[in-house]
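Chemist: First to last, the sequence lines map onto chains W and Z. Every letter in the first sequence is one number past the one before it in the numbering used here, and letter 207, counting from 1, is 207. Numbers in the numbering used here are just positions in the second sequence, counted from 1, shifted up by 1000.
Careful: at least some of the hints might be erroneous.
[As the list claims (entries may be wrong)] With a Cα cut of at most 35 Å, we get these calculated DSBU-like pairs of lysine-lysine:
1) K1221/Z / K1360/Z
2) K1328/Z / K1272/Z
3) K1120/Z / K101/W
4) K1031/Z / K286/W
5) K101/W / K1328/Z
It is worth saying that the hints were derived from the structure and are not from the lab. None of the values given here were measured: they were computed from a predicted structure.
Number of protein chains: 2
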Amino acid sequence: MALVVQKFGGTSVGSIDRMRNVARRAIAAQKKGDKIVVIVSAMSGETNRLLGLAHQMVAVPDAREMDVIAATGEQVAAALTAMAIQNEGGQARSLLGHQVKILTDGAFTKARIKTIEGSKIFSTLEQGQIAVVAGFQGVNEHGDITTLGRGGSDTSAVAIAAAIGADACEIYTDVDGVYTTDPNICPSARKIPRISYEEMLELASLGAKVLQIRSVEIAMKYGVPVHVRSSFSDVEGTWVTGEDKALEDVVVAGVAYDKNEARVHCVGLNDKPGVVAELFGAMADKNISVDMIIQNVSKESHDRADVTFTLAKTDLLRAKPFIEEVAKRLGSQEVRYDEDIVKVSIVGLGMRSHAGIAAKMFRIMAAEGINIQAISTSEIKVSCLIHAKYTELAVRALHDGFGLAKAVER
Amino acid sequence: MALVVQKFGGTSVGSIDRMRNVARRAIAAQKKGDKIVVIVSAMSGETNRLLGLAHQMVAVPDAREMDVIAATGEQVAAALTAMAIQNEGGQARSLLGHQVKILTDGAFTKARIKTIEGSKIFSTLEQGQIAVVAGFQGVNEHGDITTLGRGGSDTSAVAIAAAIGADACEIYTDVDGVYTTDPNICPSARKIPRISYEEMLELASLGAKVLQIRSVEIAMKYGVPVHVRSSFSDVEGTWVTGEDKALEDVVVAGVAYDKNEARVHCVGLNDKPGVVAELFGAMADKNISVDMIIQNVSKESHDRADVTFTLAKTDLLRAKPFIEEVAKRLGSQEVRYDEDIVKVSIVGLGMRSHAGIAAKMFRIMAAEGINIQAISTSEIKVSCLIHAKYTELAVRALHDGFGLAKAVER
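Build the full structure now, drawing on both the sequences and the hints.
Modeler: Below, the structure is given as C-alpha cells:
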C-alpha cells in the first residue's frame, strides 16, 4: 500500500467532464489499495478571470487582497473535484490551505511554504476518504491567505508529498512528460524518461513550463520521486529523481528558453564599491528576483559603470519607479529597458565532467549569425541572452547541434 | 464617534463601478469620524453561477462541498471592495468567516451563528482601516466552511453589529426601505419610516425580501438599530427598532406574500396519538422547517386523519422521499403536493389590542371571491393560504381594505 499524491493542473480540471476523469483516476488508484491525496489547480482560465476582475478595479491591486481573490480558483476546483469523486461512487473531502494548515511566509502572491501539518490529511485518509487539497494557497502566521505564485500548485503537491512522506508525487498535466526541448518549436524533441532533480531544476528555472521551480527544489531537498505525466493517457511520463551513473553520462539533457525576462540597462553609475550592492539590495528588499547581472566600465566615462540585469517581466512595472530612483541616486544618467529578449539555455549533468560545452554552444549560435547579449553559467547549465526574434532558430540549432534529436534512451 | 456596520447586498456590489460607490460611501462615513465595518454579499448572479457549477457536477451536491464553493462569492466581493476602498484613497482589509472567526453550528448551507470574535475586527479598525467582512459565511468547530443560507449576509451584518456593539447596522439594498407591501404589485404601496422588530420579523418571514428573518431575530434579541436604505441614494430608509407607543397605534403595518412554500397533503393517516409527532419529528431531524399545519378528520374514513402542511419549495425535492416513507408507515394512502399556492398576510403591532382584524381580512378576501385554503395567526399577524393566481388581487384588496395607501406617517 502506497501513499500517493496526484496533482492535476488547470487544463486537467478545466471542465466538469475533465474533473470526472480526475475523479475516476483517483478512485482507480485508491482501489488498488493506495491512499490518495489529490491536489488541484484552478480550472484553466479561472485564475486569469479573477486577476482580470482585480485589475478592472485597480491597476496595481493590493497583494494581500489579490491573494484572497486568487485563492478562490483552487477552492472551487477542490470542492468540485470532491463532488466529482463522490458522484463516481468514491468518498472525498476538500481541504483548503488554512484547513490543512499550509503555513507560509508573508510574501503575498509569491509566498514560500514554511511548514505543513499532516494531521488533517492523515485523519481524512484514515476515514477512507480521498483528500482533495486546494493547491497554490496557504496562510501566513496571521491567518491571512497567501498564494504561492504561478504554478504554485506543483509546489503545494511536492511539499505536501514531502510533509506526509508520500511514496510518489504524480504531476498530471497536458503534456506527457519532460521533453528535450519545446516540441512546438522543435519537432524532433523527444520525451526524457528519467531526469535528475538538478537538471529539472535548471530546465524549470529556464522556462520549461512543466514543473514549477520551487516544486523541484523541494522534491530534491526531501527526495520526493516526481512523476510528470499526462492526465489524458496512462503512458509513463518522465520520472524526476536523484541522479545516478546513467544520468551523469548525458552531457546535454535539454534545451530551454525563457521569454519572461526583461533587460534593464543602467547607464553610467558611480563606479564606487557598494553601488551595485545598493541597487540589488533595494531590489531584494522589494522581493524582486534579479537573474543575469553584467557590470561594465561605461562607454561614456571611465569612472562610471554600466550595469545590466534581467528580471521577470511581471515585476518590471512595479520595479521601474524604484530602479530609476536608486539609479538616479547612484549617479546614473539613464535607465533603458528591453523586453524583446529571450534566454536560451542548455542543461545537462554531464557538463560537469565535459569541457568545451559552452564554447560549442557559442559556435552554434555564431554559425546562425545570432548575437549573444549576455552569458551566464552554472555547473550544469549555460545560458545566453539573445534577441527574441532568434528564439526558434537558436533552440533548433542547439537541439540538433548537441545531438538531442537522436534517441537518448536512458 | 459611532461604530457603524454597513451591509451591501449583491446588486449593490454587482459591478466594479457599484463597488466604487460602496467604497466612496464607506470612506465618507469614516471621514465623518465613524468607525466602519462593511459587510458584502457576492456580486449579483455570482452565487447562482457557483451553484450552477456544482449542479452541473452532481444533481444533489454534498452540502459541505457546496459551502466551500458558495463561500467564494463573498470572498471575492470582500477583497474587491477592499481594493475599491484603497483605490479611492482609503485603507481597508478584507476578512473572511474563518478569519473574523464567525463560529456556526454544522448545518451546511443553512448554518446558524453561535459566536463571533470581535478582536480581529477591532484590531483592524484600530489601524484606521475599514474592515470589509465577507458575509454569508462562517466556520464550524472543525474549521469547515459553512454558509448561512440565502440572504445570510444580512444575518452576518446584524450578528457582527451585535458582537462588536455597533451603534447602527445599515442594510444597503436596491430598494429604499420597507414598504407597506410590494410596490411591484401595488402601486399605492408606501415606504414605512419606522417599524418594530416584531413586525419586521413577521414581514421578513412572510417573504418581504428586504431583510433575512434571522437577521431581524438577532437585531431584536440584541437591540441593534437597523436602517434599511438604498445604496443608490442618500434618502433615509426604514428604521427597524424596538417598539414604542407610536408604533403600537398602527393596526396593520403591512401586507406580505410568500410564494416560496409548497403544500403537502397526507391523506388518511392513522388517527392515533403521536402520529403527527412522528411525521414532524422526522422533518425536524432532517432540518426541514414546516410552516402551516392543519389536521382534519379524514373525509374518507372517520378513524383516519388528513394532515396538511407547508414547507419551503426548495426543501420539497429532498423531503419527498421520507415524507412518503413516513406517511406510508403511518397508514396514509396518498400524499399530494401543490406548489401553486401563496401565503398572504397582514402584520401589525396594533392587532394585539384591536379585535376583529382577522374577520375583516376574511371578509375582504371573500368579497373578491378568493377561497382560503388554510389560516394561521400570531399575536401580530394573520396569514391565509390561497391559490397563487389570486396573489396580486389579494394583496391589493388587503392593502386598500386596511387603509395602507393613505399616508401613514409615524
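Chemist: Does each hint hold? Answer for all of them.
Modeler: Hints, verified against the model:
For the hint linking K1221/Z to K1360/Z, the alpha-carbon distance of about 32 Å falls within 35 Å, and the restraint holds. Simply put, K1328/Z and K1272/Z have alpha-carbon atoms about 15 Å apart, close enough for the 35 Å limit, and the pair holds. Straight-line distance between C-alpha atoms of K1120/Z and K101/W comes to about 19 Å, which keeps the hinted pair within the 35 Å bound. Proposed proximity of K1031/Z and K286/W is supported: the alpha carbons are some 32 Å apart, at most 35 Å.
For the suggested pair K101/W and K1328/Z, the alpha carbons sit about 48 Å apart, so the restraint of at most 35 Å is broken.
Hint 5 from the earlier list is the only one contradicted by this structure; the remaining hints agree with it.
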